[in-house]
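**Student:** Okay, here's what each chain looks like letter by letter:
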Amino acid sequence: MPPIPEPDASATGGMYDVKESGIQFRHTPSLPTPANGDEFLKRLKSGFQFNVLERPSKNELVFEIIGVDVSFANALRRIMIAEIPTMALEHVYMWNNTGLIHDEVLSHRLGLVPLNVDPRLFDEYGHDLDENGEMAFTDRNTIVFRLNVVCGKNEVDDEKIQKRSNAQWKAEGLISGYDVEVAQQSKKEKDAKKKVGGDDDGEMKEEVEEPSVMNLSIADRAAADAATSNLNKSSTPIDTPHRPFTKHIYTRDLLWCPQGEQLSKFPLHSSGVGSGFGGGIRPLHEDILLAKLRPGQVIELEAHARKGIGKDHAKWSPVATASYRLMPSIEVVKPIYDELAEELVNWMEPGVFKLEEADEAGHRVKAVVVNPYACTMSRNFMRNPVLKESIKMSRIPNHFIFSVESVGMMEPAIIVAEALKVLKNKASNLSVLVDEAEAMNE
Amino acid sequence: MSVNEVKIKPATIQFELRGTGPLTSRTFVIGDEDHTLGNALRHVLINDARVDFAGYCVPHPSEPVVHIRVQTATGGKDTSLTATEAVKEACATLEKQCDFVMEELEKALPEVREDREWMERLVAEELQQAVEDEEEE
Numbered sequence: 008m009p010p011i012p013e014p015d016a017s018a019t020g021g022m023y024d025v026k027e028s029g030i031q032f033r034h035t036p037s038l039p040t041p042a043n044g045d046e047f048l049k050r051l052k053s054g055f056q057f058n059v060l061e062r063p064s065k066n067e068l069v070f071e072i073i074g075v076d077v078s079f080a081n082a083l084r085r086i087m088i089a090e091i092p093t094m095a096l097e098h099v100y101m102w103n104n105t106g107l108i109h110d111e112v113l114s115h116r117l118g119l120v121p122l123n124v125d126p127r128l129f130d131e132y133g134h135d136l137d138e139n140g141e142m143a144f145t146d147r148n149t150i151v152f153r154l155n156v157v158c159g160k161n162e163v164d165d166e167k168i169q170k171r172s173n174a175q176w177k178a179e180g181l182i183s184g185y186d187v188e189v190a191q192q193s194k195k196e197k198d199a200k201k202k203v204g205g206d207d208d209g210e211m212k213e214e215v216e217e218p219s220v221m222n223l224s225i226a227d228r229a230a231a232d233a234a235t236s237n238l239n240k241s242s243t244p245i246d247t248p249h250r251p252f253t254k255h256i257y258t259r260d261l262l263w264c265p266q267g268e269q270l271s272k273f274p275l276h277s278s279g280v281g282s283g284f285g286g287g288i289r290p291l292h293e294d295i296l297l298a299k300l301r302p303g304q305v306i307e308l309e310a311h312a313r314k315g316i317g318k319d320h321a322k323w324s325p326v327a328t329a330s331y332r333l334m335p336s337i338e339v340v341k342p343i344y345d346e347l348a349e350e351l352v353n354w355m356e357p358g359v360f361k362l363e364e365a366d367e368a369g370h371r372v373k374a375v376v377v378n379p380y381a382c383t384m385s386r387n388f389m390r391n392p393v394l395k396e397s398i399k400m401s402r403i404p405n406h407f408i409f410s411v412e413s414v415g416m417m418e419p420a421i422i423v424a425e426a427l428k429v430l431k432n433k434a435s436n437l438s439v440l441v442d443e444a445e446a447m448n449e
Numbered sequence: 033m034s035v036n037e038v039k040i041k042p043a044t045i046q047f048e049l050r051g052t053g054p055l056t057s058r059t060f061v062i063g064d065e066d067h068t069l070g071n072a073l074r075h076v077l078i079n080d081a082r083v084d085f086a087g088y089c090v091p092h093p094s095e096p097v098v099h100i101r102v103q104t105a106t107g108g109k110d111t112s113l114t115a116t117e118a119v120k121e122a123c124a125t126l127e128k129q130c131d132f133v134m135e136e137l138e139k140a141l142p143e144v145r146e147d148r149e150w151m152e153r154l155v156a157e158e159l160q161q162a163v164e165d166e167e168e169e
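So the sequences go chain by chain: A and B. Going by my numbering, the first residue of the first sequence is number 8, and it counts up by one from there. Going by my numbering, the first residue of the second sequence is number 33, and it counts up by one from there.
Be aware that a few hints might be false.
As the list claims (entries may be wrong) - Some chain A residues close to chain B (C-beta under 7 angstroms, calculated; not the full set): (1) Thr40; (2) Gly44; (3) Phe47; (4) Phe57; (5) Val59; (6) Leu60; (7) Asp76; (8) Ala82; (9) Leu427; (10) Leu430; (11) Ala434; (12) Ser435; (13) Ala444.
Claimed, not checked - Computed spacing ranges between beta-carbons, pair by pair: (14) B:Thr52 - A:Lys272: 53 to 59 angstroms; (15) A:Arg62 - B:Glu157: 29 to 35 angstroms; (16) B:Pro54 - A:Ala446: 29 to 35 angstroms; (17) B:Val163 - A:Gly180: 27 to 33 angstroms; (18) B:Cys89 - A:Glu363: 38 to 44 angstroms; (19) B:Val155 - A:Phe32: 42 to 48 angstroms.
Honestly, the hints are just simulated from the structure, not real lab data. Idealized CB from N, CA, C, for every residue including glycine.
Please work from the sequences and hints to get the whole structure.
**Tutor:** This is how it looks when you write it as C-alpha cells:
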C-alpha cells in the first residue's frame with residue numbers, strides 16, 4: 008500500500024468540500040503567481056509525484072499523478088481516448104455477400120475488430136504519393152485482410168469445404184493467424200486437464216495478501232477471469248432437431264494477405280504483441296462473431312486497414328477507456344468510537360476505515376482512516392446526523408488517480424507515453440505556427 | 033477512391049493571429065484543436081505573472097476551432113512581453129512539462145524506457161537501410 012500523500016494546501020489553492028448536495032470549492036491561501044515559465048516548472052517539480060498503484064491485468068494500469076493541474080490531466084485523458092493513432096480496418100471491398108448480414112453492417116463490424124499490431128510501425132496515409140499525386144496504398148501504410156467463407160449443406164460438407172479452402176489459401180500465401188486445428192487441439196488438452204484437476208481445487212483462488220488499492224473485490228476478479236477465459240465458449244450451434252446447419256464466422260476466419268515486406272517485418276513464428284497461437288498480423292481476439300451463414304451462402308471480401316485516430320472514428324481508439332478521478336480526502340473531525348465506529352465501517356466502502364483500539368479511556372474501539380483510495384464518495388454516512396458532523400469528505404484538486412484500460416494492441420503504459428508525446432507535438436506545432444504568422448505579419 | 037468515401041478535411045483556418053493595436057493583446061485562432069490544447073495552454077499562461085489576461089473558448093462545438101486570448105498590457109518597460117512571445121513561452125513550458133512527466137513515467141515504469149529505446153533503434157535501422165539503398169542506386 009503506498010503511503011497516503013498529504014495534500015499541499017498552498018499548491019492546490021483550495022479543496023473541494025463534499026457537502027450533502029453538491030461540491031463546494033474552499034479557497035486556501037496560495038502562493039503568488041509564478042514569475043515566469045521556469046518558476047512554474049520549478050513549483051511543479053517540487054510537488055510532483057508519479058506512482059503506479061495497481062496493475063490488475065496486462066491491459067489495465069492504475070496510477071496516480073500528484074501536482075499537475077486538472078487541465079493537464081484532462082488533456083492526457085482526452086488524447087488517450089481520441090488522438091493516439093491505431094490501425095483498424097477501413098476500406099472493405101465486398102465481392103460477394105449472399106449472407107443475411109448487410110454489406111455495410113458487416114463492414115462496420117469488421118472495422119470494430121481490434122488488430123494485434125503496434126500502430127507505430129506503420130505510416131499514416133497521405134505521405135506517399137503515387138504518379139498521379141494521389142495517396143498511395145503501400146505496404147507501409149496498409150494491412151490487407153481477406154474473408155472468404157462458404158457455408159456447406161451440413162457439418163460434414165462444411166468441414167470438407169473448410170479443408171479444401173484452407174489448402175487453397177495456404178497455396179496462395181494468405182495466412183490465418185490462428186490455425187483452427189491447433190486451437191481446437193489445445194482447447195481439448197486444456198479441457199482434459201481441467202477434468203483431471205477439477206476435484207482437487209474446491210475453493211476459488213482468493214489469496215488476497217494486500218487489499219487492492221481500488222478495492223477490487225473477489226467478485227470483481229472472478230468476473231474478470233470469467234470474461235477473459237475462452238474455455239467455456241464453444242463454436243457449435245444450438246442443437247435443435249431439423250435446424251439447418253448454421254456456420255458462424257469468427258475473426259479467426261480473417262486471413263492476412265501479407266504485402267511487400269510485411270512478411271519479413273512481421274514474421275509468422277514470432278509471438279509479437281500480445282502473443283497468441285500464431286504469428287504475423289492478426290486480430291487481437293479470435294472469437295469475435297462477425298456473421299452467421301446458412302447453407303449455400305458466401306462471403307468474399309477484402310478489407311484494408313489503415314492508421315487513424317479516435318477523433319475520426321471510435322474504432323481507432325487504443326483504450327477501452329481512460330479515466331481519472333480526484334483523490335478523496337477523509338478527515339475525522341470528531342473522533343468516532345464504539346457502535347458509531349462499527350456503523351461507519353459498514354456504511355463506508357470496505358477498506359476505507361478500520362477499527363482500532365481506542366487509547367482514550369471509556370471507549371473500546373475507534374475508527375481510523377486507512378485507505379482513502381477505496382472511497383468512492385458515496386455520502387452514505389451522512390444518513391446518520393452524528394456521523395455527518397464528525398466526518399469531512401473532500402477532494403484534493405491536484406491529485407489524480409488514472410485508470411487506463413487498453414484494448415490490447417499497445418500496453419497501457421505505452422499509451423500514456425504516447426499521449427505525452429502527442430501533447431508535446433501539439434505545443435511545438437503551435438509554436439511553429441505562431442512563428443510563421445509573426446514572420447508573415449512583418 | 034469510392035463514391036461514398038468521407039474525406040477528413042482539415043479545419044478552414046489552420047492558424048490566425050487576430051488583433052490590431054498594441055502587440056500586447058492578441059487572439060490566437062487555432063484550427064483542428066479543442067479543449068485538449070486550449071485549456072492546458074491557458075493554464076500555463078495564467079501561471080505567468082507577466083500575463084494579465086488569458087482565456088480560451090471553443091466558439092461552437094461543431095467546429096474544431098479554439099480561440100486563445102492573451103493580454104500582457106500592463107507591466108514595466110523591463111518586464112514587457114508581447115502576446116506572441118507569451119504564447120511561445122507557454123508552449124515551451126508545456127513541452128518541458130510533458131518531458132518532465134515522461135521522465136517520471138519512465139522512472140516508475142522501466143518498460144516505457146525500454147520501449148522508447150527499441151523504437152529509436154528501429155528508426156535508426158530504417159534510416160541506415162534507406163541510406164544504404166540510396167548508395168546502391
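**Student:** All hints, please: hold or fail.
**Tutor:** Evaluation of the provided hints:
| no. | hint | in the structure |
| --- | --- | --- |
| 1 | Thr40 | holds, 4 angstroms |
| 2 | Gly44 | holds, 4 angstroms |
| 3 | Phe47 | holds, 5 angstroms |
| 4 | Phe57 | holds, 4 angstroms |
| 5 | Val59 | holds, 5 angstroms |
| 6 | Leu60 | violated, 10 angstroms |
| 7 | Asp76 | holds, 5 angstroms |
| 8 | Ala82 | holds, 4 angstroms |
| 9 | Leu427 | holds, 5 angstroms |
| 10 | Leu430 | holds, 5 angstroms |
| 11 | Ala434 | holds, 4 angstroms |
| 12 | Ser435 | holds, 6 angstroms |
| 13 | Ala444 | holds, 5 angstroms |
| 14 | B:Thr52 - A:Lys272: 53 to 59 angstroms | holds, 54 angstroms |
| 15 | A:Arg62 - B:Glu157: 29 to 35 angstroms | holds, 31 angstroms |
| 16 | B:Pro54 - A:Ala446: 29 to 35 angstroms | violated, 20 angstroms |
| 17 | B:Val163 - A:Gly180: 27 to 33 angstroms | holds, 31 angstroms |
| 18 | B:Cys89 - A:Glu363: 38 to 44 angstroms | violated, 51 angstroms |
| 19 | B:Val155 - A:Phe32: 42 to 48 angstroms | holds, 46 angstroms |
Checked against the numbered hints given earlier, the structure breaks hints 6, 16 and 18 and satisfies all the rest.
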